[in-house]
Amino acid sequence: MFIKQISVFLENNPGTLREMTELLGKGGIDLLALSIADTQNFGIVRVIVHSDQIDSAMKLLKEGGYIAKINHVICAAVPDRPLGLCELLAIIEQAGLSVEYMYSFLRKADNGSAHMILRLNDGQKAAQVFDMKNVSMLSQEEVDKL
Amino acid sequence: MECIDREELRKLQGERLAATVKREYENVPMYRARMDAAGVKPEDIRSVDDLKYLPFMEKTDLRDYYPFQLLASPKKDIVRIQGSSGTTGKPIVSGYTRNDVDIWSEMMARTLTAAGGTDEDIVQVAYGLGLFTGGFGAYQGANTIGAMVLPMSSGNTQRQIMMMKDLGTTILCCTPSYATYLGETIRDMGIDPKRDLKLKAGCFGAEPWTEEMRQKIEELLCIDACDIYGLTEIAGPGVSFECLEKHGMHINEDHVIAEIINPATGEQLPYGTPGELVFTTITKTGMPMMRYRTHDICTLTDEKCECGRTLARMGRITGRTDDMLVIRGVNVFPSQIESVLVGAEGVAPFYMLIVDRINNSDTLEVQVEMTEDMFSDTVSHVENVRKYITDQIKSVVGIASKVKLVAPKSIPRSEGKAKRVIDNRKL
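Protein chains in written order, with our numbering: chain A, 4 to 149; chain B, 194 to 620.
The hints are simulated quantities; they were obtained by calculation from the structure and are not laboratory data.
All values reported here derive from a predicted model rather than from experimental measurement.
Careful: at least some of the hints might be erroneous.
Partial selection, computed: residues in chain B whose CB lies under 7 Å from chain A [unchecked claim]:
#1 539
#2 563
#3 565
#4 572
#5 600
Idealized CB from N, CA, C, for every residue including glycine.
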């Protein structure tokens, strides 16, 4: 139901994102999805990697002096057509949930649907609602196959 | 009094000192203990020469005996409390008897008079009116000389300028950086001070400034800009003041005795030698101060001034013997910031203060290292942590700062005394 995400603190300075991605890249880590939340003062980078690379990615980051954490997020499938995302958001809205952040996967599934990574204010409730409304959510194993 | 023969002044100081020391010894357990430890009895203090036998006081003493343990008068005789920031969390406060308020008013009356003030003047007080002594000090001094007081308090520049213009303010009291800001705003608004305003002088203090700033303020506002000095522990603004000669600040020596000491040894230094300024109050009854170490570095001179005043003068403050910063007129100690960070759960105690002056206003940036506990994947959570630290600093230090979260281990660690401040102001 939930998949693992790594979030990393970055100072909002030139070069910090490149340095971090270089560190992960040289360590052979493949980034499946990435989002950057930046404010005037700092940035938060969130990435999804294959489950067998999570530990090594975390190790690289910690050794590199980064503050990094593993969080659990939902990966929902969205039909890749106009209004596809809108229908998902309507379900979230009707359930009285709110989106804290959301970003999309870099790769599409074989069936052509796009995938959104979501962090909602109440993850458990969101998973139940998505189940009920037949929104398909990817498991960690499914993500690994992307 | 301001032109008194110096021999006579010394005699008067000696008498007042003896009476004050006796009061302190009899009424304040801390003074009694300290004097006993130093082997000094009140009877030993008969003249100014005997001052050197007395123990020193520090700002930390005001924190340790906060709020009322240093009172030398019954609490019911205290009619006013003023305060300023301490070295850590708590502020320091000073209690004034009616006598003390009157003395302070007299000091500020002399200050305004020396800048050319009379009962014909309109004095605009743009120092903050509150616990901070600036506002009330200027208000009381203007009241004493019978001037018309405009108690604006600080801020709201547009309204300050409107009132200044409409009422015809003649004397302005505020910090020198605010005076510069007012001057520049007035110019930007197309107001010609010579034509549209009636300003003639200003008494500016509460923060260090330079001769270059004086020139700039005088040109912008077309006034005489006089420097004033003071501290809550001793009275407030007006402990010393410049006359229109603008050549050092006259010390109100009938109320305080000034010494310059070697900060390392505590030994008295002669006039003309730079060192740490120490004040002893000799007329205050509420919370008298014995050899209070200001940690300000300057020189003293007892040469007679061109203005005719014989009161000794102190030069500009050229530095500090400790790490205190004056930011927007507020005393800030790095240890205060440290106490906030240490007190906040999950926050690392490493920090760096970056002080600058942008558009004539001091800015304070506090760099704090990100930690595991502070971090989360959502911006709102991290922003809340940042806001919490900002609010805590504001409540302890009293001024707004910009908290910048930086990468872990990015603030240099050092073995000895860490460098915690980068002051980019050109003072």
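Do the hints match the structure? See the list:
A least Cβ separation of about 12 Å between residue 539 of chain B and chain A goes past the 7 Å threshold, and the interface hint is therefore violated. At a threshold of 7 Å, the smallest CB-CB gap from residue 563 of chain B to chain A is about 5 Å, leaving the interface hint in force. Taking 7 Å as the C-beta contact cut-off toward chain A, the hint placing residue 565 of chain B at the interface holds, the least distance being around 6 Å. Annotation: residue 572 of chain B was flagged as interfacial toward chain A, and the flag holds, the nearest CB pair being 5 Å apart, inside 7 Å.
The beta carbon of residue 600 of chain B is positioned within 7 Å of a beta carbon in chain A (closest approach about 5 Å), and the interface hint is therefore held.
Hint 1 alone, counting from the list given before, is not met by this structure.
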